[in-house]
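J.: Please model the complete structure; the sequences and the hints are all you need to start from.
Number of protein chains: 6
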Amino acid sequence: MFFHDKGLQYRAKPDRPDPLFAAKLQEVLGGQWGEMTVAIGYLFQGWNCRAPGKYRDMLMDIGTEELAHVEMLATMIARLLEGAPINMRDAAVAEHPALAAVMGGMNPQHAIVSGLGATPTNSVGVPWNAGYVGASGNLLADFRYNVTAESQGRLQVCRLYNMTDDNGVRDMLSFMIARDTMHQNQWLAAIEELEADGLEETPVPSSFPQELERSENAYQFWNCSAGTESREGRWAKGEAPDGKGTFEYVAEPRPLADAPTPPPADPRLYGTGGE
Amino acid sequence: MFFHDKGLQYRAKPDRPDPLFAAKLQEVLGGQWGEMTVAIGYLFQGWNCRAPGKYRDMLMDIGTEELAHVEMLATMIARLLEGAPINMRDAAVAEHPALAAVMGGMNPQHAIVSGLGATPTNSVGVPWNAGYVGASGNLLADFRYNVTAESQGRLQVCRLYNMTDDNGVRDMLSFMIARDTMHQNQWLAAIEELEADGLEETPVPSSFPQELERSENAYQFWNCSAGTESREGRWAKGEAPDGKGTFEYVAEPRPLADAPTPPPADPRLYGTGGE
Amino acid sequence: MFFHDKGLQYRAKPDRPDPLFAAKLQEVLGGQWGEMTVAIGYLFQGWNCRAPGKYRDMLMDIGTEELAHVEMLATMIARLLEGAPINMRDAAVAEHPALAAVMGGMNPQHAIVSGLGATPTNSVGVPWNAGYVGASGNLLADFRYNVTAESQGRLQVCRLYNMTDDNGVRDMLSFMIARDTMHQNQWLAAIEELEADGLEETPVPSSFPQELERSENAYQFWNCSAGTESREGRWAKGEAPDGKGTFEYVAEPRPLADAPTPPPADPRLYGTGGE
Amino acid sequence: MFFHDKGLQYRAKPDRPDPLFAAKLQEVLGGQWGEMTVAIGYLFQGWNCRAPGKYRDMLMDIGTEELAHVEMLATMIARLLEGAPINMRDAAVAEHPALAAVMGGMNPQHAIVSGLGATPTNSVGVPWNAGYVGASGNLLADFRYNVTAESQGRLQVCRLYNMTDDNGVRDMLSFMIARDTMHQNQWLAAIEELEADGLEETPVPSSFPQELERSENAYQFWNCSAGTESREGRWAKGEAPDGKGTFEYVAEPRPLADAPTPPPADPRLYGTGGE
Amino acid sequence: MFFHDKGLQYRAKPDRPDPLFAAKLQEVLGGQWGEMTVAIGYLFQGWNCRAPGKYRDMLMDIGTEELAHVEMLATMIARLLEGAPINMRDAAVAEHPALAAVMGGMNPQHAIVSGLGATPTNSVGVPWNAGYVGASGNLLADFRYNVTAESQGRLQVCRLYNMTDDNGVRDMLSFMIARDTMHQNQWLAAIEELEADGLEETPVPSSFPQELERSENAYQFWNCSAGTESREGRWAKGEAPDGKGTFEYVAEPRPLADAPTPPPADPRLYGTGGE
Amino acid sequence: MFFHDKGLQYRAKPDRPDPLFAAKLQEVLGGQWGEMTVAIGYLFQGWNCRAPGKYRDMLMDIGTEELAHVEMLATMIARLLEGAPINMRDAAVAEHPALAAVMGGMNPQHAIVSGLGATPTNSVGVPWNAGYVGASGNLLADFRYNVTAESQGRLQVCRLYNMTDDNGVRDMLSFMIARDTMHQNQWLAAIEELEADGLEETPVPSSFPQELERSENAYQFWNCSAGTESREGRWAKGEAPDGKGTFEYVAEPRPLADAPTPPPADPRLYGTGGE
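Chains as they are written, first to last, in this note's numbering: chain A, 1 to 275; chain B, 1 to 275; chain C, 1 to 275; chain D, 1 to 275; chain E, 1 to 275; chain F, 1 to 275.
Please keep in mind that the hints were generated in silico from the structure rather than gathered at the bench. No residue lacks a Cβ here, since even glycine has one placed at the ideal position from N, Cα and C. Treat the hints with caution; some may be incorrect.
What the hints assert, rightly or not - Examples of chain B residues toward chain F, derived with CB under 7 Å: (1) Asp5; (2) Trp47; (3) Asn48; (4) Leu67; (5) Ala68; (6) Ala74; (7) Ala78; (8) Gly115; (9) Pro120; (10) Asn129; (11) Ala130; (12) Gly131; (13) Val133; (14) Ser136; (15) Gly245; (16) Phe247.
T.: As structure tokens, then:
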């Protein structure tokens with residue numbers, strides 16, 4: 001069960017409105033790698049977690065924190081939208097021609113749909129959807145997802161930092177960047193912990209019996225694009241990171257099986273090619 | 001540019017048709033973590049890659065290989081669908097009541113839409129969409145995505161392995177599992193290489209100036225869910241994996257900012273709450 | 001069965017083209033609360049209606065009228081797009097710099113996809129989808145949806161009215177606003193009628209036996225966000241609108257059940273946390 | 001900012017596993033009218049609220065409570081999935097043929113994707129998306145949406161109650177039904193309060209000047225479907241609910257404008273019909 | 001503007017309920033090639049049509065007819081759902097075990113969401129979306145789309161015909177099949193007419209100046225898949241159907257351009273690979 | 001199985017960056033009729049093809065070629081994005097005011113998400129999805145889809161050609177236009193071949209017994225929109241293109257069946273209208 005405190009985790013106050021930047025900031029609220037994704041993803045991972053308590057507790061801690069990030073962003077976006085020009089013939093537009101470009105670029109739904117509030121959508125207005133979420137029940141698979149999400153997320157926030165000069169916006173972004181630093185570290189540490197606890201290791205899932213996979217192909221690099229520059233990388237030689245095999249470079253790969261012979265089509269379904 | 005060889009990378013021949021399993025196998029073809037995701041994701045990463053040639057070449061190698069995995073799965077699914085019962089009153093259904101359950105569970109689009117062929121959809125029939133793909137231009141962020149995709153993908157294939165007894169299906173899955181072993185290792189090795197080449201490290205993006213983030217919050221664990229079991233984990237104490245800070249456990253976190261005071265609504269947009 | 005008359009329900013002729021406004025107007029054609037939603041929603045409600053004839057007839061009346069609204073909007077949008085600049089180097093753009101902003105803001109699909117025609121999408125180009133539609137078979141639930149749709153729809157049209165100065169556009173919008181006034185009133189009247197006919201009342205569904213719900217929680221307000229300003233509202237004291245209970249304010253709510261104890265994960269599915 | 005308590009708002013413990021019902025229960029977790037919709041919808045309404053504090057506080061109270069409902073459902077679904085048959089050839093399936101039907105009907109993603117955990121999707125596996133959410137900044141429009149959501153939601157939960165005999169499941173549903181009773185009442189009371197506070201009334205938005213709408217059409221019922229049974233309803237005669245007009249029944253409606261004359265197509269865009 | 005007659009275009013009465021077939025029939029109502037697609041597609045083509053009146057009139061004729069097909073299907077589906085088993089423990093299920101399979105296979109939303117009514121979704125429950133629609137403003141491009149839609153649609157209806165033995169269902173399907181026969185013929189005739197009227201021909205768009213395309217590649221068949229069986233087809237030799245070129249078979253195609261050299265990444269965006 | 005050559009099928013080098021045009025060009029990469037659609041569509045048609053080898057080989061040839069088109073477009077888009085302005089306060093923007101309009105119109109995801117790379121989305125940022133693909137197992141139905149896709153695709157590329165003056169972009173588009181000329185011709189030729197081989201003809205599917213369709217309605221044109229201009233077309237008189245019937249014009253069509261009588265609603269599902 002959840003409780004809410006109306007204080008913001010961190011201040012979210014721009015120096016001045018900027019409806020064009022408001023549209024862009026939506027990406028880290030409601031985009032693929034935005035705060036909705038991590039909040040909902042971590043909570044589902046926590047609810048479905050069957051591992052020892054520290055993992056479940058930790059997942060609920062951070063999933064709950066991420067809800068506060070959604071809140072900060074929603075607050076910031078609403079403030080960036082204050083006083084947005086909504087009519088090309090507004091006096092303000094006539095006097096400040098640069099506003100025309102803003103009006104071209106701002107998200108029209110911020111005026112028409114939400115009345116100058118944030119929306120659960122990304123920077124081009126596509127609604128957030130749960131296809132972005134990863135929650136598999138296998139914690140190593142999911143923690144890797146989480147490291148990714150924090151990496152993609154921090155990357156996007158850093159890019160946005162460079163896309164504005166507003167000190168208030170940058171101040172909030174500097175907090176979000178710091179939290180993403182923490183969370184990248186946290187998930188990397190959690191991966192160490194999982195392995196130290198003997199719960200999971202590479203390759204995920206580690207308890208699938210190695211003798212059941214086709215091991216002659218388990219450490220081969222197949223060179224399917226002309227040129228062999230890929231031979232130079234760590235991934236093509238030496239011991240594999242899982243310590244269970246040695247990389248082999250297949251410079252000229254060939255199909256291992258013949259072309260399939262398709263059976264006749266089912267006449268009841270009117271496919272082409274029945275005899 | 002691409003060329004195609006009609007041989008299959010590996011054989012894809014079930015011992016017998018099984019339309020219910022065909023529906024399930026769609027998950028690893030056209031689901032969030034299916035082969036379409038990695039094929040299209042790696043190719044976009046390769047096309048947008050501005051790093052040294054070995055990285056770009058490697059991305060194109062594996063993106064191209066993944067297309068062959070889509071092909072194997074499409075072939076297997078078509079064969080699993082052969083002779084599927086399509087009418088509840090077929091004699092076969094009457095004689096083998098278990099077929100009724102198969103008909104309840106098979107994907108009706110496999111008969112109505114594709115005529116007993118594979119479809120670019122997941123195990124519940126949702127069409128594949130590009131919102132699943134990660135391709136950011138930052139290779140560490142993307143390689144972490146790729147490790148995740150191979151982990152989630154291998155996990156799903158291993159689960160499917162346990163959901164069938166068909167030796168032909170299991171044979172193909174054992175090959176796919178082996179390739180996913182390779183690819184998990186490959187991306188982990190690629191991450192090592194990126195770091196060894198000095199191109200990127202934790203936290204992503206590593207070239208964002210550390211002094212610009214709000215560093216007092218960059219290594220804090222906020223305990224937002226009641227209970228402090230999360231204090232026991234590696235993520236709450238000691239040096240952070242990036243070597244740039246020390247974890248701190250905030251047992252009773254509080255908001256850092258006051259509740260925001262919303263401004264009056266814009267009367268032209270008929271929001272509630274103007275003065 | 002349907003018949004079409006080529007006359008428009010109301011005139012749809014702008015004073016001058018405005019491709020930027022055309023993009024915005026798409027919201028009330030193909031957005032969540034646009035005319036496609038109400039047309040298709042009311043028709044499905046009508047087709048599935050099992051109530052006395054006046055309800056079904058009324059649903060078909062208004063569902064059919066809404067198709068005419070889609071038509072008016074499509075006509076208006078096509079006219080707003082006439083002569084749109086499609087190339088940044090057009091002489092017109094060079095001579096009238098404000099056109100550049102229009103080109104930045106117009107929907108590129110209006111040129112590339114539809115050749116200056118309306119599209120079944122919203123103001124940011126997201127295709128209309130049937131997830132917007134509400135049609136449950138319970139008329140009170142659905143009429144409440146319909147009041148909502150007419151309220152959100154009229155709100156959006158009024159906002160759009162303020163976002164243009166074109167008299168021809170405003171003339172058509174004034175008709176749509178009037179029809180939405182009617183339809184809000186109509187659905188409110190229909191709710192009165194349903195209740196007067198003894199068919200349904202609050203809480204929907206009213207025929208679910210009251211003794212089967214957990215009545216001690218059926219009129220409690222749970223104060224889950226810090227602060228008790230919510231205690232001041234009508235929703236926290238006095239008789240509830242359904243006349244079947246009295247509001248109670250729970251100032252300091254607590255969970256009614258203990259934390260769940262997750263069972264061990266299924267080893268066949270490689271979840272983390274087996275015993 | 002949010003805090004989490006691991007206790008459940010109400011117990012969520014089935015008498016026995018039922019993977020088929022788990023699939024169905026997803027509708028009220030991640031469907032159009034499920035708990036994710038109201039949680040996220042109310043929170044966005046709260047964050048964007050510019051009305052007096054009791055409204056904002058109340059929105060945050062209930063939005064936060066709804067997160068606990070998502071949690072209860074996720075817990076229940078995970079428990080319903082325990083020990084699910086995942087292989088048609090399991091001994092259990094052979095001995096209890098009814099299990100075959102369960103396997104046909106259970107959601108395969110519950111095994112393949114989430115490892116017997118809940119997913120943020122509906123009863124047919126479609127991912128939740130933010131296109132379900134209504135949050136306009138106009139509180140009457142939004143409270144009407146909220147009454148609708150609680151009506152559709154309670155209706156679905158009551159239906160699900162009739163679709164199972166499990167006492168543990170029914171116990172939890174009886175709590176959810178009670179809360180939905182409260183919430184329907186709450187939003188109806190909030191509508192009363194809004195009107196009593198003079199903030200908004202029918203037609204939404206009420207501050208759009210009545211003289212600007214085309215008032216001769218603002219209270220007309222257009223009979224667009226053959227037959228005049230619709231004349232018998234409250235919506236076709238007498239004073240309209242807003243008290244600002246009288247219903248008029250237009251028995252034989254005709255278009256008010258001529259068929260539009262389409263202009264020639266733009267030759268640069270290769271439309272058909274240039275002169 | 002539209003008018004509705006409550007008579008059905010053709011009778012839609014099954015001999016007996018069949019909830020499993022109801023789920024399947026949704027494909028031709030709300031699937032990619034279902035009646036919603038052609039109804040909405042043809043109406044948008046008509047509204048955006050700038051060609052002589054017979055084309056626009058014809059488009060409105062058939063678009064309007066297709067609405068009646070949606071109506072027939074919605075009616076049939078509601079009747080197929082009558083008395084559907086909704087609880088696995090219903091006496092009816094116990095006595096007729098085959099019902100269990102029906103319950104596994106029926107769409108749970110038909111009970112939970114629509115209360116035994118049709119839904120605007122396909123056979124696996126995915127909501128209809130406007131991304132299925134083709135309407136470009138170029139009539140030859142669109143009429144080709146229309147021939148396709150009628151071909152895919154008739155194919156699906158014929159498949160469904162073979163998937164049931166219900167005489168009432170088959171009767172309605174025989175009408176729909178006949179109308180699709182007409183409509184395939186109609187669009188083929190319309191293509192003849194367009195060409196006879198000199199409005200458009202192959203290649204679409206025919207008014208793009210032939211000298212501006214790179215004509216040396218305009219009639220070449222590139223053999224990109226190993227093996228040259230494709231050389232045997234009509235598409236590889238002789239005059240092309242447009243009469244403007246001769247097919248040429250390129251047996252061993254090679255890239256025409258070198259590998260691109262990617263520029264350094266933008267340091268402000270933290271891409272990998274800046275120098 | 002596939003192999004990749006790093007050479008581009010054709011050069012993809014703009015004369016200068018143009019981030020606004022990059023956004024538009026995405027339509028033919030990741031839109032409904034973009035290269036991803038035809039690549040994936042043709043490959044699935046090929047993998048599911050059960051017809052003689054020349055058809056399957058041809059499908060794999062062209063599906064594989066289309067992957068090279070995706071690659072060319074991705075390369076071109078990345079180059080058009082080079083040096084894009086990302087901050088409204090960049091000196092470049094201040095000095096060249098037209099850049100502001102570019103910034104309003106460029107896709108913000110090209111900076112935030114992909115770091116100046118192409119994305120698998122359309123011109124308004126909607127992710128590509130597999131609902132665009134047609135692959136039925138019936139080759140005539142599918143080849144008609146393919147003619148359509150090449151027609152819509154060539155139309156869009158020709159429109160884009162007129163929307164830029166960049167010679168490098170136009171050079172690449174002239175190649176794509178030529179290939180689309182080929183592919184329109186190719187699919188028309190393939191349709192001839194199918195018919196010549198006796199595999200399929202109009203109406204699709206041609207092997208459905210003509211006596212089972214309701215033949216009295218199989219060649220009727222129903223005039224459902226007022227006015228009889230549609231009588232003038234080829235589709236309303238004379239022999240139908242399939243040679244199996246004669247067109248008949250039904251000037252005043254009437255429903256063939258009475259209005260349906262809805263049964264009472266199921267009380268367990270709380271529909272409105274039980275007796």
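J.: Look at each hint and say if it fits the structure.
T.: Evaluation of the provided hints:
Here the hint on Asp5(B) is kept, as its CB sits about 5 Å from the closest CB of chain F, short of 7 Å. For Trp47(B), the interface hint holds, the least distance from its beta-carbon to any beta-carbon of chain F being 4 Å, beneath 7 Å. For Asn48(B), the interface hint holds, since its Cβ comes within 7 Å of a Cβ in chain F; the closest pair sits about 3 Å apart. With 7 Å as the threshold, the beta carbon of Leu67(B) comes within range of chain F, its nearest partner Cβ sitting at about 5 Å, so the hint holds.
Evaluation of the Ala68(B) hint against chain F yields a held restraint, the C-beta minimum of about 4 Å falling below 7 Å. With its C-beta approaching chain F no nearer than about 4 Å, Ala74(B) sits inside the 7 Å limit, and its interface hint holds. For Ala78(B), the interface hint holds, the least distance from its beta-carbon to any beta-carbon of chain F being 6 Å, beneath 7 Å. Look at Gly115(B): its Cβ gets to within about 3 Å of chain F, closer than 7 Å, so that hint holds up.
The interface hint given for Pro120(B) holds, since its Cβ lies 4 Å from the closest Cβ of chain F, which is under the 7 Å cut-off. This hint holds: Asn129(B) has a C-beta 4 Å from the nearest C-beta of chain F, less than the 7 Å allowed. Restraint check, Ala130(B) versus chain F: the minimum CB separation of about 4 Å is within 7 Å; hint holds. Interface restraint check for Gly131(B): the shortest CB-CB distance to chain F comes to about 4 Å, inside 7 Å, so the restraint holds.
Nearest Cβ of chain F to the Cβ of Val133(B): about 6 Å, under the 7 Å cut. The hint holds. Interface hint status for Ser136(B): upheld, as the beta-carbon distance to the closest one in chain F is roughly 6 Å, under 7 Å. The beta carbon of Gly245(B) comes no nearer than 26 Å to any beta carbon in chain F, farther than 7 Å, and the hint placing it at the interface is violated. Proximity of Phe247(B) to chain F is violated relative to the hint, the smallest CB-CB distance being about 30 Å (cut-off 7 Å).
When the structure is compared with the earlier hints, violations turn up for hints 15, 16 and for no others.
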